[in-house]
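Taking the hints into account, I'd like the entire structure generated from these sequences.
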Amino acid sequence: MTPKILLDEVHKSFGTRSVLQGISIEVAQSEVIAFIGSSGSGKSTLLRCVNLLESIDDGAIFLDGVDISAPGLNADPVRQKIGMVFQSFNLFPHMTVLQNVSLAPHKVLGQSKKESESHARELIARLGLSDRADGYPDQLSGGQQQRVAIARSLAMNPEVMLLDEITSALDPELVGEVLDVVRELKSNGMTMLLATHEMGFAKEIADRVCFLHEGQILECASPTEFFNNPTHERTQQFLQRVTDAGRL
Amino acid sequence: MVPEMSDHSGAISLSEDSSRRPLSRRQVFERRQKRRSLLIALASSLAVIGLLVALIPQTPGWYKVKRSFFNGPILDETFPALLRAFVKDIQIFLWCAPCILVLGMLLAICRNVRSPLLFPLRLFAAAYTDIFRGIPVILTILLIGFGIPGLGMDRPWNSPYLWGSVALILAYSSYVSEVFRAGIESIHESQRAGARSLGLSSSQTLRHIIIPQAIRRVIPPLMNDFVSLQKDVALISLIGPIEILRQAGIDKSKYANFTPYVGAAIIFLLLTIPETRFVDHLMSRERRRTSGTAVR
Chain A
1 MTPKILLDEV HKSFGTRSVL QGISIEVAQS EVIAFIGSSG SGKSTLLRCV
51 NLLESIDDGA IFLDGVDISA PGLNADPVRQ KIGMVFQSFN LFPHMTVLQN
101 VSLAPHKVLG QSKKESESHA RELIARLGLS DRADGYPDQL SGGQQQRVAI
151 ARSLAMNPEV MLLDEITSAL DPELVGEVLD VVRELKSNGM TMLLATHEMG
201 FAKEIADRVC FLHEGQILEC ASPTEFFNNP THERTQQFLQ RVTDAGRL
Chain B
1001 MVPEMSDHSG AISLSEDSSR RPLSRRQVFE RRQKRRSLLI ALASSLAVIG
1051 LLVALIPQTP GWYKVKRSFF NGPILDETFP ALLRAFVKDI QIFLWCAPCI
1101 LVLGMLLAIC RNVRSPLLFP LRLFAAAYTD IFRGIPVILT ILLIGFGIPG
1151 LGMDRPWNSP YLWGSVALIL AYSSYVSEVF RAGIESIHES QRAGARSLGL
1201 SSSQTLRHII IPQAIRRVIP PLMNDFVSLQ KDVALISLIG PIEILRQAGI
1251 DKSKYANFTP YVGAAIIFLL LTIPETRFVD HLMSRERRRT SGTAVR
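Just so you know, the protein sequences line up as chains A and B, in that order.
Under the working numbering, the very last position in the first sequence is 248; numbers go up by exactly one each time.
Under the working numbering, the very last position in the second sequence is 1296; numbers go up by exactly one each time.
Don't take each hint at face value.
[Claimed, not checked] List of simulated lysine to any residue pairs, SDA-like, C-alpha gap at most 25 Å:
#, chain 1, residue 1, chain 2, residue 2
1, A, Lys4, A, Leu218
2, A, Lys113, B, Thr1205
3, A, Lys107, B, Ser1201
4, A, Lys113, B, Lys1231
5, A, Lys113, B, Val1113
6, A, Lys114, B, Cys1110
7, A, Lys107, B, Leu1206
8, A, Lys81, B, Phe1258
9, A, Lys107, B, Met1223
10, A, Lys113, B, Arg1207
11, A, Lys4, A, Leu73
12, A, Lys81, B, Arg1192
13, A, Lys107, B, Lys1064
14, A, Lys107, B, Lys1231
15, A, Lys107, B, Lys1254
16, A, Lys107, B, Asn1257
17, A, Lys107, B, Ser1202
18, A, Lys114, B, Lys1254
19, A, Lys107, B, Val1113
20, A, Lys114, B, His1208
21, A, Lys81, A, Met95
22, A, Lys186, A, Thr2
23, B, Lys1231, B, Asn1257
24, A, Lys113, B, Cys1110
25, A, Lys107, B, Arg1207
26, A, Lys107, B, Gln1191
27, B, Lys1064, B, Phe1258
28, A, Lys81, A, Ser44
29, A, Lys186, A, Glu219
30, A, Lys107, B, Ile1215
31, B, Lys1088, B, Leu1206
32, B, Lys1064, B, Lys1254
It should be emphasised that the hints constitute simulated quantities derived from the structure, not laboratory data.
Quick look at the structure:
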C-alpha cells in the first residue's frame, strides 16, 4: 500500500543555515506521528515543508504517491488536502468566527455561501463554540481561538492535518480543550503530523514518536518504546531534561 | 495650550453625597495634581496671550496691518462670495478623493505583484510614484494644467477644472499608494501562511485577507493626506478656476485690501481643524487599540 505521506531525503536550508538534513519517513493512512525535539531542531520547518509553505532544496515529498514537491507544481490544490494549524492560531482578525471557517470552502471549493456557512456552523458546534460563531477572534480565549483554527482547517475536509505546536501559546488550563479535539480527530482516523512539547500527549495519542535533532530524525518508535527505552544518546539526554523540568 | 488630562479621577466628583466611599490616597493625590497642572496651564496661557495682545499693537506698522488685513467691513462684504467659491473647492475635492483612493490602491497592488509577466506594471508603478512624489504639487498642476490644454482639444477637454483635478489625482495617488503599500507590508506573514495553508491563491489571499486588514490600519494616515488634499485644491486657482483662493485674489484687487485672504484662511480652518482633530482622535484610538494601555 502506498503510504499516505512519504518524505524522501528532504533537505532545507535558510541561507547558510541548514534546517533539515535528509529527513525520510513514511506515514501510513490514519497514522499519527508526533515530532519532538528542542526548539530549532526543525519540527516546524518540517511541517511547513509538507504544507508547501516552504519549498524544499532537495529530496521529495509524496502525498498518496504523487510528488507534491516537484518544482513548479501548483501548491494550492495540494494545500486543500493538507490542513495546517499554527502555534499562534493565525486567525483572520477582521472576520467573525463563522467567516473564518467558511471563507475557504466558499472561495476555494466553490461552495455556495449558504452551504459553506451551514457546514461551518456544524463544525463550530462540533467544537463546542456555537455561541461564539458571530464573535471576532480577539474576543475569544486562546483555547477557543485554537479550536476555531482547527475548525477552519477541517472545513476544507483535509486528508492530512499538520499541527504545529498548537498548545504552546495556551495557558495550561486551556490546553485540555484543544487536545480533546485532536483526540476526536484521531478516533475519526485522521492522518496527523504533530510537532509538540506535550510529552504526555505525544505518549497518549501518537502511533509513533520521532525525535528530531539538528534537522535529522534520530529515532522513531512506538510511544512506549520511545519513552521507556530510548536508544539514542541524544534522545536520552533530551528526555532526561524534560523529566527534570517536570514535564513528563 | 491646556495639556490633556487623564480622566482617571474624572469619574469621581466632589459631590455633596457624603455617604460615598472616601477617596483613596492616590485619588486625593491625583486630584490635587490635576488641579495644579490646570492652574499652571491656565496662568501661562493667559500670560502669553496677554503679552501678545499688549505688545503687537505697539509695533509701528500695526495700524496699517490692521486696516489692510483685519478690516471688518471688507470681511463682511467679501465673506459670502468666498463661501460660495469654497463650494467649488469642496466639489473638486469630492471628485478627486475617490479617484485617488482607487488609483492609489491599484498602484500599491501593482508594486506587490511578483509575476514576471506583470513586471512592466510593477516598473510603471514604481516610476509613477517616484516621479509624482518627487515633483512639487504646484509644478504638476502648472505643467499639466497649461501643457495639456495646449494640445488644442475642444471643450470640455481643455477645461482647467479637468486638468487641475487630474494633476491633483496624479500627485496624491502616488502619496496614497505609498500609504497603502506600507499598510499591505505591515500585515504579518502569519496571516499569509494561514490563508495559503487553506488553499487560497495568492491573489485571493491579497483580496480577502491582506487588503481588508491593511485598509483598516491605514485609515488614520490616509485621512491626513486627505486633509492636505483639501488645502492643495486651492493651488488649482493658478491655472484659472475661480475657487476660493482665486475669489480672494479678485476681491483683494477690487478693495486693494488683503482681508479677503484672511477670510479665505478662516474658511479653510473651519473645515480643516475639525478634520485634523478627527484624525488625531482616530490615531490615538488606533494606538490604544494596538498597544494596550498607555504609560503615563
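Exercise for review: Kindly indicate which numbered hints from before are broken by the structure, ordering the numbers from low to high.
Suggested key: Hints 4, 5, 6, 8, 9, 13, 14, 15, 16, 18, 24, 31 not satisfied by this model.
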